[in-house]
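Enquirer: Protein chains in written order, with the working numbering: chain A, 1 to 365; chain B, 1 to 264.
Accuracy of the hints is not assured; some may be wrong.
[Claimed, not checked] Pair by pair, the computed Cβ-Cβ distance ranges are:
(1) A:W11 - B:I169: 19 to 25 Å
(2) A:P187 - B:G200: 32 to 38 Å
(3) A:G14 - B:L10: 27 to 33 Å
(4) B:T93 - A:P8: 30 to 36 Å
[To be verified] Far from chain B, by Cβ distances over 10 Å, these chain A residues were calculated:
(5) A10
(6) R36
(7) S296
Treat the hints as calculated values from the structure; they're not laboratory data.
Beta carbons are placed, not taken as given, at the ideal position from N, Cα and C, and that holds for glycine.
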Amino acid sequence: MPSPAHRPIAWILGLLFLLSPALAGRLQPNAYTGGRSRDADARAIRNASSIGALFGEVRTALSDILMIKTERYMHNGVAYRPKPDKPNLVTRAAHPTTLDLGPQPVATNAHADDAHDTGQPDHDHGPACSHGEGEDDLLFNDEGADTVITGADRDFRGVIGKLHRAVAPYQDAGQAHQHSAGVEILPWFRIMTLSDPQFVAGYATGAWWLRREDAEQALAFADEGIAGNPDAVSIYAAKGQVLLSQARKCSPDLSTPNAEARRYLVDALTNYQRGAEAVERQWLEAGAEGRESWTSYQWDDAMAVLRMAAMLERKVGDPEQATALARSYLALVGHDATLARVAGLDETGPSRSDQASNSERRNSG
Amino acid sequence: MKDATKVTPLRAGVLIGKGVLIELQRRKDLYVLVFLMSLFLVSVLVARIIGIQEPATATFLLNLGMSLAVYAAHLLTLLLALRQMPDEIEHRTLYPLLAKPVGRATLVVAKWAACAACGTAAVGVLLLLGGLPVPRLEAYATGTLLQTLVCLPISLSMLAALALCLSLILPRGTAAVVAGGLFFGSGALIGLAGRVADSGLPGTLLAWTALYLPDFGKLNLVTRYTDGIPPLGPAAFGGLLLYGALCTALYLAVAAALFQRRSV
């Protein structure tokens, strides 16, 4: 026991300690929105820089390292040169130019969606199979991707290189590669988003993969991401994909959706509307100059959300409102064939995202 | 005539502090950390020669350098503070000190102050090595930098007090693991408890209890600075300082109480 002279001090300190969580809970000096460390573009630049190359597999954020982990699991241990700085690959496969009004899939996939949705594990992807728009493209673009372990044709290490390829998981980049079913990677998305609630790619990609196991959990996961990142367009896009997928499961022919499918479509509409609001905000905040630095993925996400909001409004909402929405989006983005079609305008020429992709290719050329 | 044997608490503290400093110099921990930071300095200089084109890369290097300096200084302080009391007891150098007479509480506070001061000096040196050579290609808030520099000694003091307290309860190795774990992991544990706890009473209690863990991350504003975020408002900053001071006072009080009761 403290001495009598020190007892008051001891009591005061004890009381303050008991009440300290009330102070500690309110102190959040590192809970701020934005910030360069959380910016997807800055992350991509860091990872692509010579410093990033120097660090090799070490990425500048733990969440990126965990994203690489998911890629390893998906490729059964074979290490491809990852590009975790692609903030959202979900909408690559769902780059909508037409809404699913019939038995055709929304995404114009060269690789059929059914091979994945039937849950076939460890299936082969032949070399003729295009991954340019396929759903396996969703985690990262492995079309023509190089392996981390150097191939035999370019390896100067001789016997050491041969031994390395024999001992470590390796497959020649030109051969057909395999994807695992994807169940094993799900916990990693949980961990990466728990450790970094602002890791948008984790929520977007994780929700897409989770939908195969439990769509309701996938939606809840996406909602959690939206709650922490209300301006993350890619998460809206991913959630929309999950809802559309569920709608298609309930009613394969969405030209005449049943009641349950319609409920999913209405939820998707609400989701895309929120996403469209975020797109409009970011579009105006960025300005023409800011949008010049948008990556092609940001363009894809933004255009996908705007198009889906307009198309679904026409499908399950008010057609006149859909026309007005499409026209307002067109006024925002300039020109887009899909939005023009919804707006009832006759417009030809490349879409905004095509223009963005061309611009990026020219700049990197 | 002055009584040469009488030692005022202040003088005792200064002498004890000198002893801690001499021990730090002898142990060479600081030199190892300076060497490691020098390696980082060399890599930054190489990067500058090659050319750092992107501001994002420069900001990353700045954050990396400053973070390394902060963690290294905390590690140094932790190891220094953990050794103080056990070494004095083991080597039996404690008895002459206590016979001076130097009060037990005075000894604990003096050790703590010396460890905190050494850590503060170390973080200053390491920040110069880790932060100064990196080019500033983006805008950063000076106010946030000042707040960062103010919070660092508070954090070091808190860690020194915690380490002293744990060294009196646990064996040295265990104390090191626990203190290190709390320094690096308590923030994540608190966040996890807050996120996984449901809204019911058990969840609330879990989240509340987790907040008793010392969260050193709150006093580390390096990322806030490199993110270009403006400084904290007076209330928030004052709250941080109060939090650090409260935790430090508490750990010191417990350490002093433990040492008072300990038979040596």
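Enquirer: Each of the hints needs a verdict: does it hold here or not?
Expert: The hints, checked one at a time:
1. Roughly 22 Å separates the CB atoms of W11 (chain A) and I169 (chain B), a value that falls within the hinted 19 to 25 Å.
2. A hinted range of 32 to 38 Å is violated for the C-beta pair P187 (chain A) and G200 (chain B), which are about 25 Å apart.
3. Taken as a hint, the range 27 to 33 Å holds for the pair G14 (chain A) and L10 (chain B), whose Cβ atoms sit roughly 28 Å apart.
4. For T93 (chain B) and P8 (chain A), the hinted distance range of 30 to 36 Å is satisfied, since their beta carbons lie about 34 Å from each other.
5. Look at A10 (chain A): its CB is around 7 Å from the nearest CB on chain B, not clear of 10 Å, so calling it non-interface is violated.
6. Some Cβ of chain B comes within 10 Å of the Cβ of R36 (chain A); the nearest lies about 5 Å off, and the non-interface call is violated.
7. No beta-carbon of chain B comes within 10 Å of the beta-carbon of S296 (chain A); the shortest separation is about 18 Å.
When each numbered hint is compared with the structure, violations occur for hints 2, 5 and 6.
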